[in-house]
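Peer 1: Going by the working numbering, the first residue of the sequence shown is number 90, and it counts up by one from there.
Any given hint could be a false lead.
Unchecked claim - Lysine-lysine pairs mimicking DSSO-like chemistry, simulated, CA-CA at most 27 Å apart:
| # | residue 1 | residue 2 |
| --- | --- | --- |
| 1 | K168 | K334 |
| 2 | K251 | K165 |
| 3 | K112 | K165 |
| 4 | K234 | K251 |
| 5 | K303 | K251 |
| 6 | K251 | K168 |
| 7 | K165 | K303 |
Stated by the list, open to error - For each label pair, taking beta carbons as the anchor points, the in silico distance ranges come out as:
| # | residue 1 | residue 2 | range |
| --- | --- | --- | --- |
| 8 | A107 | E252 | 23 to 29 Å |
| 9 | P110 | K303 | 36 to 42 Å |
| 10 | G152 | A236 | 18 to 24 Å |
| 11 | A239 | A330 | 39 to 45 Å |
| 12 | G152 | T114 | 22 to 28 Å |
| 13 | A243 | P170 | 36 to 42 Å |
| 14 | D250 | F213 | 18 to 24 Å |
| 15 | T247 | V360 | 38 to 44 Å |
| 16 | R273 | T193 | 25 to 31 Å |
| 17 | K303 | R216 | 17 to 23 Å |
| 18 | A239 | A123 | 22 to 28 Å |
No wet-lab data here; the hints were simulated from the structure. Quick reminder that beta carbons are idealized off the backbone N, C-alpha and C, glycines included.
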Amino acid sequence: MLTAGSTKGTAAATNAAAALPRKRTTSGTAYHEAGRGEPLVLIHGVGMRLEAWAPQIAFLSAGHRVIAVDMPGHGKSAKLPAGSRLEEFVAWFGRFLDEMAIDTVNVAGHSMGALVSGGAAATFGERIRRVAYLNGVYRRDPEAKAAVLARAAAIPVTGVDKEGPLARWFGDDPESVVARELTRKWLNLVDPQGYAVAYAAFAGGDETYADRWKDVRGPTLFLTGSDDPNSTPLMATQMAALAPKGWARIVEGHRHMVNLTAPDIVNSLLVEWLSFGEDER
């Protein structure tokens, strides 16, 4: 277990409030790019936007070409068709790499973005050099599966639920207030149709590539918060045991948005992950 300091990323979360400039690919994927060096692509989760990676962009761009993307139907990115499954989101990511002329890449995904990054590693082989799977799910138990499928089915009727995710993603500690309110803002900005498509893919995607971790040969970091009720520490340790070069890291006292609430720890773990295997090049 890793324990965060007392500030728990309040300053970093505040910095994430600033909108970042974007470019768009020819197919309509919006992205922000900073730094130079080996490429690192960051994929956020459902309801978020690329600014959710602001603490990591600022820190990791000192040594890498960091590219944060708006997932389809989020931020300024074009939507995928209704009914798109996780496989279609993985295919979208492959097209994005093609449009950016990136041959090999490190990819870090959070939540739904973790599912996309894991699918990319399973599908694209050596093109994905490393994977960081932050607060990602793996084979939900029947109760959790029923709950997430019910939430996905309700979205077209009730719209985007802002309060439910906040209750699951954050504790009541005062240090999480800034990150919680910033996340609320992003949920209020999300396109309802884009959200519904992504959430349905997220709800049904926990088993899509679950049997493929044994085939992922690059360094693979599984990271979550000790108190994340949905992307649990058990899931992280189970996946890490399957991946040939996998390891789990659990941040004590944090929940789902750990990259915002404990950015210093997350950044240091990402640096460790990005350094793994450098002597093999």
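Peer 1: Does each hint hold? Answer for all of them.
Peer 2: Do the hints match the structure? See the list:
1. K168 - K334: Measuring from Cα to Cα gives roughly 34 Å; hence the hint is violated.
2. K251 - K165: 20 Å, holds
3. K112 - K165: 9 Å, holds
4. K234 - K251: 20 Å, holds
5. K303 - K251: 36 Å, violated
6. K251 - K168: 20 Å, holds
7. K165 - K303: 35 Å, violated
8. A107 - E252: 23 to 29 Å: 25 Å, holds
9. P110 - K303: 36 to 42 Å: Holds: the Cβ-Cβ distance is about 40 Å, inside 36 to 42 Å.
10. G152 - A236: 18 to 24 Å: 40 Å, violated
11. A239 - A330: 39 to 45 Å: With a Cβ separation near 30 Å, A239 and A330 fall outside 39 to 45 Å, so the hint is violated.
12. G152 - T114: 22 to 28 Å: Because 25 Å falls inside the window, the suggested range holds.
13. A243 - P170: 36 to 42 Å: Violated, at about 21 Å.
14. D250 - F213: 18 to 24 Å: Since the Cβ atoms of D250 and F213 sit about 33 Å apart, the hinted range of 18 to 24 Å is violated.
15. T247 - V360: 38 to 44 Å: Since T247 and V360 have Cβ atoms about 41 Å apart, the given range 38 to 44 Å holds.
16. R273 - T193: 25 to 31 Å: For R273 and T193 the Cβ distance comes to about 37 Å; the hint is violated.
17. K303 - R216: 17 to 23 Å: 18 Å, holds
18. A239 - A123: 22 to 28 Å: Cβ of A239 to Cβ of A123: about 39 Å, so the range 22 to 28 Å is violated.
When the structure is compared with the earlier hints, violations turn up for hints 1, 5, 7, 10, 11, 13, 14, 16 and 18 and for no others.
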